[in-house]
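Peer 1: Okay, here's what each chain looks like letter by letter:
Protein chains: 2
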Amino acid sequence: MEENDVVETIEQAEAELVEESEIEESQDELSKANERIAELEAKLSDAENRILRNQADFENYKRRVRLDQESATTYRAQSLVNDLLPALDNFERALQVEAKDEHSKSILQGMDMVYRGIVEALKKEGVEAIESVGVQFDPHFHQAVMQVEEADAESNIVLEEFQKGYKLKDRVLRPAMVKVNQ
Amino acid sequence: MEENDVVETIEQAEAELVEESEIEESQDELSKANERIAELEAKLSDAENRILRNQADFENYKRRVRLDQESATTYRAQSLVNDLLPALDNFERALQVEAKDEHSKSILQGMDMVYRGIVEALKKEGVEAIESVGVQFDPHFHQAVMQVEEADAESNIVLEEFQKGYKLKDRVLRPAMVKVNQ
Numbered sequence: 001m002e003e004n005d006v007v008e009t010i011e012q013a014e015a016e017l018v019e020e021s022e023i024e025e026s027q028d029e030l031s032k033a034n035e036r037i038a039e040l041e042a043k044l045s046d047a048e049n050r051i052l053r054n055q056a057d058f059e060n061y062k063r064r065v066r067l068d069q070e071s072a073t074t075y076r077a078q079s080l081v082n083d084l085l086p087a088l089d090n091f092e093r094a095l096q097v098e099a100k101d102e103h104s105k106s107i108l109q110g111m112d113m114v115y116r117g118i119v120e121a122l123k124k125e126g127v128e129a130i131e132s133v134g135v136q137f138d139p140h141f142h143q144a145v146m147q148v149e150e151a152d153a154e155s156n157i158v159l160e161e162f163q164k165g166y167k168l169k170d171r172v173l174r175p176a177m178v179k180v181n182q
Numbered sequence: 001m002e003e004n005d006v007v008e009t010i011e012q013a014e015a016e017l018v019e020e021s022e023i024e025e026s027q028d029e030l031s032k033a034n035e036r037i038a039e040l041e042a043k044l045s046d047a048e049n050r051i052l053r054n055q056a057d058f059e060n061y062k063r064r065v066r067l068d069q070e071s072a073t074t075y076r077a078q079s080l081v082n083d084l085l086p087a088l089d090n091f092e093r094a095l096q097v098e099a100k101d102e103h104s105k106s107i108l109q110g111m112d113m114v115y116r117g118i119v120e121a122l123k124k125e126g127v128e129a130i131e132s133v134g135v136q137f138d139p140h141f142h143q144a145v146m147q148v149e150e151a152d153a154e155s156n157i158v159l160e161e162f163q164k165g166y167k168l169k170d171r172v173l174r175p176a177m178v179k180v181n182q
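Chains as they are written, first to last, in the UniProt record's numbering: chain R, 1 to 182; chain Y, 1 to 182.
Don't take every hint at face value.
List time: in silico DMTMM-like cross-link candidates among lysine to aspartate or glutamate, alpha-carbon distance up to 20 Å [what the hints assert, rightly or not]: (1) R:Lys32 / Y:Asp83; (2) Y:Lys32 / R:Glu39; (3) Y:Lys43 / R:Asp83.
Partial pick of chain R residues on the chain Y-facing surface, computed with a CB cut under 8 Å [as the list claims (entries may be wrong)]: (4) Leu17; (5) Gln27; (6) Lys43; (7) Ala47; (8) Ile51; (9) Arg53; (10) Thr74; (11) Leu84; (12) His103; (13) Ile107; (14) Gly110.
For each label pair, taking beta carbons as the anchor points, the in silico distance ranges come out as [unchecked claim]: (15) R:Glu131 / Y:Ile157: 15 to 21 Å; (16) Y:Lys105 / R:Glu150: 38 to 44 Å; (17) R:Leu52 / Y:Lys164: 55 to 61 Å; (18) Y:Lys169 / R:Asp68: 19 to 25 Å; (19) R:Gln163 / Y:Lys169: 41 to 47 Å; (20) Y:Val148 / R:Glu131: 50 to 56 Å; (21) Y:Ser71 / R:Arg50: 29 to 35 Å; (22) R:Thr74 / Y:Gly134: 40 to 46 Å; (23) R:Arg50 / Y:Arg63: 48 to 54 Å; (24) R:Leu52 / Y:Glu41: 30 to 36 Å; (25) Y:Asn49 / R:Arg171: 45 to 51 Å; (26) R:Gln96 / Y:Pro86: 41 to 47 Å.
Quick caveat, the hints were computed from the structure, so don't treat them as lab data.
All C-beta atoms in this analysis are idealised placements derived from N, C-alpha and C, irrespective of residue type, glycine included.
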């Protein structure tokens with residue numbers, strides 16, 4: 001080998017080393033970049049799942065709120081109606097007083113109109129008296145406070161009502177207190 | 001140059017070419033990877049912003065719902081009360097009938113108890129009559145249907161009430177209809 005050849009060979013070897021380390025470096029960078037890509041993809045996938053979950057939560061919440069609001073609107077009068085029922089009971093009892101003359105008869109007639117006005121206002125809000133006398137006893141609507149045995153009346157029928165029951169739309173505010181035939 | 005040397009040189013040149021193209025390839029891959037990283041980072045940042053925006057929207061919605069529900073609860077009786085007011089007016093008029101004897105007096109006393117029971121139930125729900133006679137005229141609460149000039153009465157004072165006004169909590173359901181002194 002000539003001297004020149006030796007120098008050339010050394011230079012080539014050096015160049016190869018440099019190139020090899022360049023390749024190594026860039027492969028190192030590439031593997032780091034790929035790691036970063038994997039990390040970002042995982043984070044993005046998490047974030048996207050979270051967005052979907054949040055949207056589902058939001059939709060569920062909205063639906064629940066809508067149902068709550070509907071229910072609140074439907075039964076909004078319940079509290080006031082419950083408080084009015086005792087006065088309504090008293091009103092009915094007061095109207096059952098017997099009129100002894102024309103004057104008291106006219107007073108009672110006026111009061112009966114007032115009573116019917118109140119019942120009408122309650123009805124508009126969905127309040128209705130529960131049917132009782134003459135219908136089949138139904139534990140959802142009637143509370144039996146007395147039981148009798150009358151052979152000439154139908155079995156399980158309501159014979160008498162002691163206190164009116166009321167419902168607000170489909171909700172029973174209080175059952176009617178009744179006498180039932182066995 | 002010997003033949004061997006020539007072969008060696010060609011092999012080296014080929015190897016260098018291969019290495020160079022490897023470097024180019026890996027740099028190409030790296031730049032693609034970096035592009036992908038930039039793209040993913042942008043998407044992740046978008047997704048994170050969206051999560052924050054969604055959370056803020058959700059919180060706003062919850063707050064609005066809470067306020068709506070509070071308001072709905074506060075004024076829940078409004079509809080029924082509005083429907084009851086005409087019956088209440090009639091009730092008051094009916095109670096103003098003069099009792100001619102003990103019998104009618106006792107009927108009216110019973111009815112007065114019923115009336116007070118209704119007023120009590122309404123009060124529990126936040127309904128109250130608006131003060132009028134003897135207080136300063138206030139257009140928020142009073143509707144002047146008559147104006148007079150009485151020198152011996154205070155200026156701008158309510159002298160007489162023709163129809164009761166009512167409010168539900170802080171909300172005027174209807175103003176009192178009154179006579180005012182100029």
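Peer 1: Indicate, hint by hint, whether the structure satisfies it.
Peer 2: Going down the list of hints, with the structure as the test:
1. R:Lys32 / Y:Asp83: violated, 75 Å
2. Y:Lys32 / R:Glu39: With a Cα-Cα distance of about 16 Å, the restraint between Y:Lys32 and R:Glu39 holds, given a limit of 20 Å.
3. Y:Lys43 / R:Asp83: violated, 59 Å
4. Leu17: violated, 11 Å
5. Gln27: holds, 6 Å
6. Lys43: holds, 6 Å
7. Ala47: This hint holds: R:Ala47 lies near chain Y, its Cβ roughly 4 Å from the closest one there, short of 8 Å.
8. Ile51: holds, 6 Å
9. Arg53: R:Arg53 check fails; min Cβ-Cβ to chain Y is 10 Å, beyond 8 Å.
10. Thr74: violated, 11 Å
11. Leu84: holds, 5 Å
12. His103: Interface hint status for R:His103: holds (5 Å vs cutoff 8 Å).
13. Ile107: Check passed: Cβ of R:Ile107 comes within 6 Å of chain Y, closer than 8 Å.
14. Gly110: holds, 4 Å
15. R:Glu131 / Y:Ile157: 15 to 21 Å: violated, 53 Å
16. Y:Lys105 / R:Glu150: 38 to 44 Å: The hinted range 38 to 44 Å holds for Y:Lys105 and R:Glu150, with Cβ atoms some 41 Å apart.
17. R:Leu52 / Y:Lys164: 55 to 61 Å: holds, 57 Å
18. Y:Lys169 / R:Asp68: 19 to 25 Å: The hinted range 19 to 25 Å holds for Y:Lys169 and R:Asp68, with Cβ atoms some 22 Å apart.
19. R:Gln163 / Y:Lys169: 41 to 47 Å: violated, 32 Å
20. Y:Val148 / R:Glu131: 50 to 56 Å: holds, 54 Å
21. Y:Ser71 / R:Arg50: 29 to 35 Å: holds, 33 Å
22. R:Thr74 / Y:Gly134: 40 to 46 Å: Because 42 Å falls inside the window, the suggested range holds.
23. R:Arg50 / Y:Arg63: 48 to 54 Å: At 22 Å between Cβs, range violated.
24. R:Leu52 / Y:Glu41: 30 to 36 Å: violated, 21 Å
25. Y:Asn49 / R:Arg171: 45 to 51 Å: Given a distance of about 46 Å, which is inside 45 to 51 Å, the answer is holds.
26. R:Gln96 / Y:Pro86: 41 to 47 Å: Given a distance of about 24 Å, which is not inside 41 to 47 Å, the answer is violated.
Hint compliance for this structure: hints 1, 3, 4, 9, 10, 15, 19, 23, 24, 26 are not met, and every other hint is.
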